[in-house]
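Taken in sequence, the protein lines are chains A and B.
For the first sequence, position 184 (counting from the first letter as 1) is numbered 234 according to the working numbering, and the numbering increases by one without interruption.
For the second sequence, position 122 (counting from the first letter as 1) is numbered 144 according to the working numbering, and the numbering increases by one without interruption.
Hint data in this document are derived by calculation from the structure and do not stem from the laboratory.
Predicted, not measured: the structure shown is a model, and the values here were computed from it.
Keep in mind that a hint or two might mislead.
Stated by the list, open to error - Restraint-style ranges between C-beta atoms, simulated for each label pair:
1) B:TYR95 - A:ARG267: 32 to 42 Å
2) A:HIS209 - B:ARG190: 46 to 56 Å
3) B:HIS186 - A:PRO82: 51 to 61 Å
C-beta atoms are modelled at their ideal positions from N, C-alpha and C, and glycine is treated no differently.
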Amino acid sequence: MARRSVPILRQLLTSPSTNLTPTRSVTYMPRPGDGAPRAVTVIPGDGIGPLVTGAVEHVMAAMHAPVYFERYEVHGDMKRIPQEVIDSIKKNKVCLKGGLATPMGGGVSSLNVQMRRELDLYASLVHCFNLPGLHTKHDNVDIVVIRENTEGEYAGLEHEVVPGVVESLKVITKFCSERIAKYAFEYAYLNNRKKVTAVHKANIMKLADGLFLESCREVATKYPGIKYNEIIVDNCCMQLVSKPEQFDVMVTPNLYGNLVANTAAGIAGGTGVMPGGNVGADHAVFEQGASAGNVGNERQLEQKRANPVALLLSSAMMLRHLQFPSFADRLETAVKRVILDGEYRTKDLGGTSTTQEVVDAVIAAID
Amino acid sequence: MATHLLRRRVSQILSQAIPCPTSPLSVGRAFSSATAPIRATLFPGDGIGPEIAESVKQVFRGAEVPIEWEEHYVGDQIDPRTQSFLTWESLESVRKNRVGLKGPMATPIGKGHRSLNLTLRKELNLYANVRPCYSLPGYKTRYDDVNLITIRENTEGEYSGLEHQVVRGVVESLKIITRQASLRVAEYAFHYAKTHGRERVSAIHKANIMQKTDGLFLKCCREVAEKYPEITYEEVVIDNCCMMLVKNPALFDVLVMPNLYGDIISDLCAGLIGGLGLTPSCNIGEGGIALAEAVHGSAPDIAGKNLANPTALLLSAVTMLHHLDLHDKADRIQNAILNTIAEGKYRTADLGGSSTTTDFTKAICDHL
């Protein structure tokens with residue numbers, strides 16, 4: 051029945067009154083006639099990673115998108131990311147990542163953090179928004195969380211002072227704070243966002259978060275058209291849960307960004323559907339927006355029920371990053387149509403489909 | 023009759039939710055029987071503090087609770103013995119009485135003195151902040167099934183206040199985790215779970231990134247968990263926890279966590295049930311000291327206008343009564359509060375009604 055209703059829906063949805071696909075013509079072509087697709091590094095990763103990256107490759111192939119994938123195997127329990135992977139990302143400039151599970155508590159430093167540091171991916175973006183058709187307790191959510199990705203509490207500088215007393219250093223520098231503030235305001239400016247909120251705890255950590263706020267305030271003066279305000283992180287979480295519509299773009303240091311992004315993802319539909327990426331000056335790595343540590347979930351893997359929507363939407367972000375907006379729009383429209391339909395949804399969205407079924411539905415919905 | 027049963031069930035759930043530590047932590051305390059009054063310190067605080075403290079006193083008088091209040095106010099000069107605006111006498115009073123109730127205090131801006139909350143915490147060695155969060159029947163929020171307790175380590179962690187500027191533009195802040203403090207709060211958490219019939223304790227951490235610090239916290243929690251085999255113990259990464267809390271808060275029971283995560287998660291949970299105006303909180307110190315407090319701000323904009331909502335301070339006062347083993351009085355007052363809110367006739371402005379503080383208090387007294 052779904053197969054019969056999809057073309058009808060498509061007709062209804064592409065009627066002039068409800069135009070979901072904006073037409074944007076691409077005129078900038080670096081090498082016309084070349085027909086050469088862009089290379090993108092793909093790291094399937096652990097757990098459900100291979101399943102969802104496979105889904106993306108499948109959909110891209112069906113769309114004839116001008117990208118081809120170079121696959122590299124990296125696993126969360128490796129000591130370092132292999133040099134060839136880093137070289138490939140540096141060459142291709144764009145990477146798609148499944149997920150790397152970090153083993154708990156034991157001496158391996160997280161590979162995700164390592165990658166971000168090596169490639170200097172200083173901004174982590176998570177776009178949390180209500181998907182039409184997906185009912186959640188909160189409406190009107192459209193928040194982009196921009197999180198500083200390199201320093202802060204994740205500096206990894208810990209040591210045992212004496213047995214039983216451990217110290218961890220949180221480092222905040224003006225350089226990184228300014229960089230992330232500039233990114234956040236520029237993002238808001240270029241994407242027609244009205245407000246930027248800085249999240250902090252400067253009443254307690256006066257110097258560290260105070261420095262972060264100072265940088266944000268300085269950058270705010272250069273963008274007079276964008277509203278700027280500040281909110282303390284515990285109040286922020288409380289407001290997110292009760293009145294999320296007041297937030298637009300949020301800029302935060304590392305740890306608070308993690309919490310705020312996961313909370314915002316939770317209220318808007320769950321981590322299975324939120325796209326995101328890590329962006330640096332030269333490179334970008336796109337992955338599921340907020341993973342909430344579920345990467346190594348074996349049960350999902352066994353039953354092939356991982357939700358590919360998040361990675362599909364992130365790959366749409368990637369296509370936009372590569373300057374292929376019409377492919378990105380088509381992919382996003384197809385995914386949103388499938389969610390609106392409600393027929394093919396994985397378990398975390400309340401349905402019973404497998405990953406493959408959702409992928410097939412998305413491919414069928416692409417026009 | 024159905025409402026009567028519902029009320030009984032609600033008070034059962036709620037009496038489980040309120041902290042009432044017994045033996046190892048209320049050592050050597052001879053609380054008098056219902057005849058001789060118990061002395062308790064009261065800090066009315068600033069802003070709306072005095073009004074809601076008056077509310078508490080009225081309700082306690084109506085319920086005939088044998089408590090004699092010793093009121094202390096924040097001074098306007100820095101006391102050199104405590105390096106803050108709180109006087110030495112106030113602190114001595116809490117130490118002597120072993121139990122207290124604190125209204126909202128506004129920290130004056132400036133240098134050269136410690137914040138008031140910090141002073142209390144350090145001087146009285148208040149190591150655990152307990153916040154029971156349960157959905158109030160009658161006040162509808164988006165979440166109906168919240169019934170959890172957050173226990174937050176209150177002395178160290180990221181809030182040690184040790185920061186310095188290394189060179190211009192580079193600031194370092196130290197996060198300290200010690201075995202002693204982590205064991206202390208873990209012990210309290212498990213003890214609390216046991217005495218209140220709670221089945222699960224979840225430790226919240228970020229040990230995949232902060233391996234040594236949160237790793238030490240987890241190790242201490244595991245050690246204590248072994249001593250309580252009947253209580254299920256699990257560890258949850260904080261980002262996962264945040265997400266699960268907003269999707270399905272019924273998954274959690276007792277949460278124990280270090281300072282910063284505790285701050286954020288306890289405020290998140292307060293947001294789930296309706297905000298800080300309705301959340302009780304209690305700080306537990308060494309030797310069985312309990313200082314119940316209202317965690318909301320002093321709301322200077324509505325101070326003196328008889329508009330404030332005394333629910334948070336009243337519920338915190340109820341936790342204080344449970345701590346003093348005056349369970350029947352505590353239950354009576356709690357039921358009165360919940361019935362008043364459930365009825366909906368008398369509600370203050372922040373709950374969507376239009377009653378004044380005095381009307382609301384009178385309604386509670388009538389329900390007793």
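Against the structure, the hints come out as follows:
1. B:TYR95 - A:ARG267: 32 to 42 Å: holds (36 Å)
2. A:HIS209 - B:ARG190: 46 to 56 Å: Violated, since HIS209 of chain A and ARG190 of chain B (Cβ atoms, about 25 Å apart) do not stay within the stated range.
3. B:HIS186 - A:PRO82: 51 to 61 Å: holds (57 Å)
Hint 2 alone, counting from the list given before, is not met by this structure.
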